[in-house]
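**Student:** Okay, here's what each chain looks like letter by letter:
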Amino acid sequence: MTATTTPLKGTSMLVQLKSLTKTYRAAEVETTALSSVNVDIREGEFVAVMGPSGCGKSTLLNVIGMLDSPTAGAYVFKDQDVSGFSEARLAALRKRHLGFVFQSFNLIDELTVEGNIELALLYHKMSATERRKKVAEVMDRMKIAHRAKHFPSALSGGQQQRVAVARAVVSNPSLILADEPTGNLDSQHGEEVMKLLLELNAAGTTIVMVTHSAAHAQFARRTINLFDGKVVTENMRAAS
Amino acid sequence: MLRNYITVAIRNLVNNKLYSAINIGGLAVGLAACLLILLFVREELSYDRWLPNADRIAVVESTFYIPGREKIAFAAAPGPIKDPLEKEFSSDIEKVVRVFEDELPVRAGERQALGKIGFADPGFFQVFDLPMVAGERESALKNNSSIVLSQTMAKQFFGDQPAVGKTITVGDKLVFTVVGVFADLPKNSSLVFHSIALLDLSRYKDKPWIAERWTSVNTGVFVLFRTPEAKERVAADMTAFINRNVKFEIPGILELPSLFLQFEFMPVLDIHLHATKPGYEDGAAAPGSVTAVLAFSGIALLILIIACINFVNLATARAMKRAREVAMRKVVGATRSQLIRQHLGEAIFTALVALVVAIALVELSLPAFNSLIGKDLSLDFIGDPMLIVMVLGLVAVVGAIGGLYPAFYLSRFRPAEVLKANQSSAGGSSRLRTGLVVFQFAISIALIVCTATIYTQTVYARTFDLGYQHDNRLVLKGLGDMPSPKAGATLKSEIGKLPGVKSVALSSDGPPLENNNNSLFYPTSTPSSDRYIVETLNVDVDFFKTYGVKPLAGRLFSADHASDYSPEQGVKRDHPTDQSIVINQAFAAKLGAKRPQDVIGKVMWDAAPEGEIMTRTTIVGVVPDLYLRSVRIAVTPLAYYVSKPESGFNRLSIAVQPGRMAETLRSVQDVWGRLAPAVPIRTGFVDESLASLYDADAQRGKIFAGFAVFAVLIACLGLFGLASFSAERRTKEIGMRKVLGASVLDIVRLLVWQFSRPVLIANLIAWPVSFYLMRKWLSGFRYAISLTDPRFLVGIFGGAALLALAIAWVTIAGHAYKVARSNPGRALRVE
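Going down the list, the sequences are from chains A and B.
This note's numbering numbers the first residue of the first sequence as 1 and each following residue consecutively.
This note's numbering numbers the first residue of the second sequence as 241 and each following residue consecutively.
Pulled out of the complex, with its shape left as it was, chain A reads as follows (with noise of 0.2 Å):
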């Protein structure tokens, strides 16, 4: 069964994908991994995408991310279509619209707190004071500026998502994706995570959310279900 997701009315489009279709291929084998996907998305919106293991979530994830590419069908980010861009024009469209927050967190061990923040500024042309001084603000919203100093490797579970979260909003994007945020906190620290994620996202940032909780899924407003590499259902929550 495939469906078409119904987007917000009233603001503008972010990510459109038109049949999108993503195939691996490894030795003789062939896998289908998105198949025919059209999901589109407005700003503002916070999107969960859930379906069982191996369904394409995180493929849907990376391609929406520009992290691979599709091959077939179109992905259009901001009125652009993306889908036949080289890896340096990508990166350049990631620096300055994306953020990204993992499960494993990904944060750098030989960096600190600060150092691995500072980071998704480093590609940017600004000046060290500058990005010190964005780094520092994200600290104090992320309310971890007291281990600024510290490695990963010292802090906690939460903590580490908390600084990884820092790192994806520090750069001012339009859209976060998060891949399963809270698969490796307990549940005291993932509710702080979502939290904190509730509040970019009435800020006024876009969250696309992968996620295998069904709880942490109602925190967003949208959830998008796929199946095999097909949108199968869409739910929307009712406004609150």
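Simulated from the structure, these hints should not be mistaken for lab results.
This structure is a prediction, so every number in the text was calculated from the model and none was measured.
Warning: the hint list may mix true and false statements.
Restraint ranges, calculated between C-beta atoms of paired labels, are given here [to be verified]: (1) 72(A) to 241(B): 33 to 41 Å; (2) 243(B) to 79(A): 35 to 43 Å; (3) 675(B) to 234(A): 47 to 55 Å; (4) 188(A) to 675(B): 51 to 59 Å; (5) 241(B) to 186(A): 31 to 39 Å; (6) 23(A) to 648(B): 22 to 30 Å; (7) 981(B) to 96(A): 56 to 64 Å.
To be clear about the criterion: a stretch of chain B counts as covered by chain A if any three or more of its residues have a C-beta under 8 Å from a C-beta of chain A, and this derived list gives those stretches [said to hold, decoys possible]: (8) 244-252; (9) 728-734.
Even glycine gets a Cβ: it sits at the ideal position worked out from N, Cα and C.
With chain A fixed as given, assemble chain B onto it according to the hints.
**Tutor:** Using the frame of chain A, we list chain B on its own:
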């Protein structure tokens, strides 16, 4: 951005101490080896560049071509060449000077010692613009009683007193006034002058062979060309020049002189590395060799390649540890070129850290290296800014070569694959890593084979049966400086009576031969084209007995046979006289003898200058071919003359009873002191002198060995690192094997065999390459080991293979044992 890169680089090094140590250690050893070789090569290439007009100065070399014999070459030329060269090539040649250097007893006040006096033509200082430190130099060559000394010689005879104005007595007859002192020539000089006085030919009227015969080569001849290009023009006309000017004055020689004699011009700037003719080694430090420079430069490159291979191997093997960082950088917007620059920069940074360690290693090893190669190299960055540029350039190249592949490899990581939870990227191609290990060990094994071959050949040369006894043989030289020729006979008689002495003999030269004297024999008393030009040695009746030589046929010289003795030189006769000669097997073969006894009693005629009567010469004995020179040179046909002890010889050989050398030497010194108190004694040991013929080869062998150790060390470091990495990767597999019943020995065998295979394969590459190179090197020896001899094949090549394998096992086994003993439960828990 740069600060971030440097911070991550430093922290990566600190957090991975083992691999950092291996990486930096391997690069440091490689850089240290390269630095040592760089210092050596720069020094070798710097010879004689200090000399003003060096590009216009050349030495005249002579080569005699004698039919049926190998050519005889000298770094000298006949004295008569000077005038016609200057006259006929005046548009191309500015000046020609001859220098006849003689080592003579010198006395200044109470001090006396041997000193080298260079007797030179006027114009010497026009060619050699030697800087003066005291006095002046021009008047030294205006008369035959003035002299200039080198700083060292001045200090030797006058201490700290000014030498200018003082007098020295040379050879008890010549008195000179010192008019100037010139600065010691720099160490990187292939020509050395100790003192300069006028070459006064009137002093040598009774010794025309010094500078007046075209058949005698006893003077160094130096040419100052007007331009560097003029040399080629003059060289092109040499054959015609020889035919116009050279006169052999030997009856029966009717052919063009250019068939027998050729001259070549060796530019001063090429002497050190390219000169091969005998005569240069009397100069400065040991002559160099362009082959050695190229070989060591090649070794430096190979060692560097091995070190870079280590770096590449370890960096790519551990790439997965950096994969996450690389992927995140890409996620936040880094481009591939930015990542490549980051990792290339890290490689250069690591190389810089390695450079600091390398400099420390070089400083520590320089004294031993200098002692080995007989030089005085140093890392003088302040005095030699070009060295800094070269060293930094080397580091940049090493960092770039070592870092390029890992940088490209790392920057290829795809974030989508790397960043998913529990996924990790493969650590590169294990086939490439194995291939690189094979290459490293191939280089190391080749170096081991070369070292073993050089060592074996040197031992072979030094223990070669030379045909005569040469141990416990003491030699006294310079008998010609004794008060009279008869003093030599008295010396022999007195030394012969000493208790530790078995036998004493006089000769004109001795093993190893320093000169090359030849005579011309005709089959009949009429000169013709049927003739034999053979090398000769003048000995006394006890020579063969002193060296333990027995005849193969006929007899040896005997005092009971008066007709054996050669007639006195310089005496005009009106009738033929008789003499006997003993010849070697090579001469007998040349005469067509199938057996040595076939030539006994054969009569030939010893050529004489025009107008003089030839000497009737009878062959009375044949001795074995004696190897009186290096085994690089073939034995030539040789005839021994015999003369009476009082006729004047230059050398006394003493066969000493074993164990009594020290006391005999003391007694000999006492006897000499009584008979020639004004002449410093010159002693030597025949076996040491013969062994020293191979000093250069032995030295090169040691250098090869040293650098082979470097190469093996670096290869082992890399192997250790890879073995550690491999064991780490196989932790789960090893855990499962142990759960399924594998013993510690099974696991050790598994890990050790993984890396034994590349080492064994490396032999297949190393053997043919080193076989080819060493066969080429051995072809320079007339008498050499044969690499196809099963003893050497198995010993050298098999030995190198086993050694490499043993080294690899020692490197890996310890770590493999530690891993094999680890708890399988813990290994299987790790994800």
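**Student:** So, for every hint listed, does it hold in this structure?
**Tutor:** Do the hints match the structure? See the list:
Roughly 38 Å separates the CB atoms of residue 72(A) and residue 241(B), a value that falls within the hinted 33 to 41 Å. Residue 243(B) and residue 79(A) have their C-beta atoms about 38 Å apart, which keeps the hinted 35 to 43 Å range intact. Checking the proposed 47 to 55 Å range against residue 675(B) and residue 234(A) shows it holds: the Cβ atoms sit about 53 Å from each other. Distance hint check: the CB atoms of residue 188(A) and residue 675(B) are about 53 Å apart, consistent with the given range 51 to 59 Å.
Here the CB-CB span from residue 241(B) to residue 186(A) is close to 37 Å, well matched to the stated 31 to 39 Å. Distance hint for residue 23(A) and residue 648(B): a CB-CB separation of about 27 Å, consistent with the stated range 22 to 30 Å. A beta carbon spacing of about 58 Å between residue 981(B) and residue 96(A) agrees with the range 56 to 64 Å that was offered as a hint. Counting residues of the region 244-252 of chain B whose C-beta lies closer than 8 Å to any C-beta of chain A gives 5; at least three are required, and the coverage claim holds.
Counting residues of the region 728-734 of chain B whose C-beta sits closer than 8 Å to any C-beta of chain A gives 0, which falls short of three, so the coverage hint is violated.
Going through the hint list in order, the structure does not satisfy hint 9, though it satisfies all others.
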